[in-house]
Amino acid sequence: MASDTRRRLLEAAAQLFREQGYAATGLKQITSVAGAPWGSLYHFFPGGKEQLGAEAVAHSGARYLKLFDLVYERAGDEAIVQAVHDFFQLSAEALEASRWADGCPIATVALEAAGTSEPLRHACAEVFESWRAAGARRFVLAGVEPARAGELATYVLAALEGAIVLSRARHDTGPLRVTAGIVAGTLRTELGG
Numbered sequence: 266m267a268s269d270t271r272r273r274l275l276e277a278a279a280q281l282f283r284e285q286g287y288a289a290t291g292l293k294q295i296t297s298v299a300g301a302p303w304g305s306l307y308h309f310f311p312g313g314k315e316q317l318g319a320e321a322v323a324h325s326g327a328r329y330l331k332l333f334d335l336v337y338e339r340a341g342d343e344a345i346v347q348a349v350h351d352f353f354q355l356s357a358e359a360l361e362a363s364r365w366a367d368g369c370p371i372a373t374v375a376l377e378a379a380g381t382s383e384p385l386r387h388a389c390a391e392v393f394e395s396w397r398a399a400g401a402r403r404f405v406l407a408g409v410e411p412a413r414a415g416e417l418a419t420y421v422l423a424a425l426e427g428a429i430v431l432s433r434a435r436h437d438t439g440p441l442r443v444t445a446g447i448v449a450g451t452l453r454t455e456l457g458g
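Residue numbers (our numbering): 266 to 458.
It is worth saying that the hints were derived from the structure and are not from the lab. Small disclaimer: the values here were computed from a predicted structure and weren't measured. Note that beta-carbon positions come from the ideal geometry of N, C-alpha and C, so glycine has one too. Heads up, a few of these hints could be off.
Claimed, not checked - When the alpha-carbon atoms are kept at most 16 Å apart in a straight line, the in silico EDC-like pairs for lysine to aspartate or glutamate are as follows: (1) LYS331 x GLU394; (2) LYS314 x GLU276; (3) LYS293 x GLU276; (4) LYS314 x GLU377; (5) LYS293 x GLU315; (6) LYS314 x GLU394; (7) LYS331 x GLU361.
As the list claims (entries may be wrong) - Between beta-carbon pairs, the in silico distance windows are: (8) TRP365 x ALA412: 33 to 43 Å; (9) ARG413 x ALA434: 40 to 50 Å; (10) ASP269 x GLY457: 46 to 56 Å; (11) LEU335 x GLY304: 14 to 24 Å; (12) THR454 x GLY304: 52 to 62 Å; (13) GLY312 x GLY457: 44 to 54 Å; (14) HIS308 x GLU410: 13 to 23 Å; (15) LEU456 x ALA359: 37 to 47 Å; (16) LEU335 x PRO384: 21 to 31 Å.
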């Protein structure tokens, strides 16, 4: 099926970009991992690697946002604080399980390509903004004023991304686990709990 091939190409690109970076990932490698014919890449992505990269970033961003929604739904009474803490913990577990190869699918591309590709920079910025906005909405539902909710969502996202980078570089989940506790404590204070 055509749509299945396109999805496989997006998922293979997202996985490879996350693990080894945008520049180190070749188009033949993407088609091989996707189990897709070479010609299908340009059929679905006539703009080549840059178009595929931007769409893979958007695809990954949407998947991770759904994952956060699932974590939030399972968090119980302390929904937003617990969900944020749990997401940090899940990120630590994913890093360990992948032997430090599976970092944030957006940050890996953003750090590498933001200064060299405007379409990739824009795609990364849009995903980060969608995550920030989703977090802000959750904080508003928890009773935080909208302006402050946006600031808290920015803080949480920056703390998570920074902790992932530090943990990945050190091959140690300590930064993620320590940051999870500090962020959760800060959020409890902000929410009056």
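key: Violated hints - listed by number, lowest first   = 6, 7, 9, 11, 14 and 15
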